[in-house]
Amino acid sequence: QKEVEQNSGPLSVPEGAIASLNCTYSDRGSQSFFWYRQYSGKSPELIMFIYSNGDKEDGRFTAQLNKASQYVSLLIRDSQPSDSATYLCAVNPGSNYQLIWGAGTKLIIKP
Amino acid sequence: DAGITQSPRHKVTETGTPVTLRCHQTENHRYMYWYRQDPGHGLRLIHYSYGVKDTDKGEVSDGYSVSRSKTEDFLLTLESATSSQTSVYFCAIRPSGRAGEQFFGPGTRLTVL
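Line by line, the protein sequences are chains A and B.
Here this note's numbering is used: the first residue of the first sequence is 1, the next is one more, and so on.
Here this note's numbering is used: the first residue of the second sequence is 1, the next is one more, and so on.
Any given hint could be a false lead.
Simulated restraints, written as ranges between beta carbons of each label pair [what the hints assert, rightly or not]:
no., chain 1, residue 1, chain 2, residue 2, range
1, B, 111, A, 53, 41 to 49 Å
2, B, 77, A, 16, 36 to 44 Å
3, A, 17, B, 96, 18 to 26 Å
4, B, 20, A, 40, 37 to 45 Å
5, A, 16, B, 54, 46 to 54 Å
6, A, 18, B, 14, 43 to 51 Å
7, A, 42, B, 28, 19 to 27 Å
Simulated crosslink set (BS3-like; lysine-lysine; CA at most 30 Å straight-line) [as the list claims (entries may be wrong)]:
no., chain 1, residue 1, chain 2, residue 2
8, A, 106, B, 70
9, A, 56, A, 67
10, B, 11, B, 57
11, B, 53, B, 70
12, A, 106, B, 53
13, B, 70, A, 42
14, B, 57, A, 110
15, A, 2, B, 57
16, A, 56, A, 106
17, B, 53, A, 2
Some chain B residues near chain A, calculated using beta-carbon distances under 10 Å [claimed, not checked]:
no., residue
18, 35
19, 44
20, 63
21, 64
22, 90
23, 100
24, 103
25, 104
No lab work stands behind these hints: they were computed from the structure.
Owing to the predicted nature of the structure, the values given are computational and were not obtained by experimental measurement.
Glycine included, C-beta positions come from ideal geometry on N, C-alpha and C.
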């Protein structure tokens, strides 16, 4: 059974600090990795994705992949209260149609 | 906004009744998905479609059926609703050539009494 695991949290981070979110995946052949943000009562929205060939930075967000240890990280620099949300990690194991989803980590940014 | 709407947005029904949820998209995407989301479980795939009349089961398909007679509409039917199907249901689309990038509708909150 292919799995993606995340710490459910909540992860509490002071405003202005770096928030670090992790997820681990079981399928070593996974090709691409996705981070979605979900505000309470809303639908998930894609914020970052990376492929197996490297890390990616986009503004305050950085996604990093550690293939040897099979985990992917999302770093949020200069955290803002508006970053408070649940962050879902999803992995594409190579299938065109399906993602394997983690259960999400709740992030709270304290002013 | 990927032009995805879901209807109804909220529904309360009784055990044993059939329920149909509708997902409508305006951009002719080929791939569409139905998920349910429950606390502690994240998103679980119910069914997906890769074209008109082309559908397949996901990991939690028991008790659900789908139909896609037009590109823009993907219907999810609970044949005989049970309390365990109380959940938030999300529809999503995936643009062709962009594996893994999914865009979600606003969701339907379903309560089965």
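Hint-by-hint comparison with the structure:
1. B:111 <-> A:53: 41 to 49 Å: holds (45 Å)
2. B:77 <-> A:16: 36 to 44 Å: violated (49 Å)
3. A:17 <-> B:96: 18 to 26 Å: Distance hint for residue 17 (chain A), residue 96 (chain B) is violated at roughly 40 Å.
4. B:20 <-> A:40: 37 to 45 Å: violated (27 Å)
5. A:16 <-> B:54: 46 to 54 Å: Between residue 16 (chain A) and residue 54 (chain B), where Cβ atoms are some 49 Å apart, the hint holds.
6. A:18 <-> B:14: 43 to 51 Å: holds (49 Å)
7. A:42 <-> B:28: 19 to 27 Å: holds (25 Å)
8. A:106 <-> B:70: Since the Cα atoms of residue 106 (chain A) and residue 70 (chain B) sit roughly 37 Å apart, the hinted pair is violated (cutoff 30 Å).
9. A:56 <-> A:67: The given pair, whose Cα atoms are some 15 Å apart, holds under the 30 Å limit.
10. B:11 <-> B:57: Since the Cα atoms of residue 11 (chain B) and residue 57 (chain B) sit roughly 24 Å apart, the hinted pair holds (cutoff 30 Å).
11. B:53 <-> B:70: OK: residue 53 (chain B) and residue 70 (chain B) at ~8 Å, within 30 Å.
12. A:106 <-> B:53: Status violated; Cα separation ~38 Å.
13. B:70 <-> A:42: Within the cut-off at roughly 27 Å; holds.
14. B:57 <-> A:110: violated (42 Å)
15. A:2 <-> B:57: Given pair residue 2 (chain A), residue 57 (chain B) holds - Cα atoms ~16 Å apart, limit 30 Å.
16. A:56 <-> A:106: holds (22 Å)
17. B:53 <-> A:2: holds (28 Å)
18. 35: Given a least distance of 8 Å, the restraint on residue 35 (chain B) holds.
19. 44: holds (8 Å)
20. 63: Since chain A brings no Cβ nearer than about 20 Å to residue 63 (chain B), farther than 10 Å, the hint is violated.
21. 64: violated (16 Å)
22. 90: Hint holds; residue 90 (chain B) Cβ to chain A Cβ min 6 Å, cut 10 Å.
23. 100: With a minimum Cβ separation of about 4 Å from chain A (threshold 10 Å), the hint on residue 100 (chain B) holds.
24. 103: Cβ of residue 103 (chain B) sits 7 Å from chain A, so the hint holds.
25. 104: Nearest chain A Cβ about 4 Å off; hint holds.
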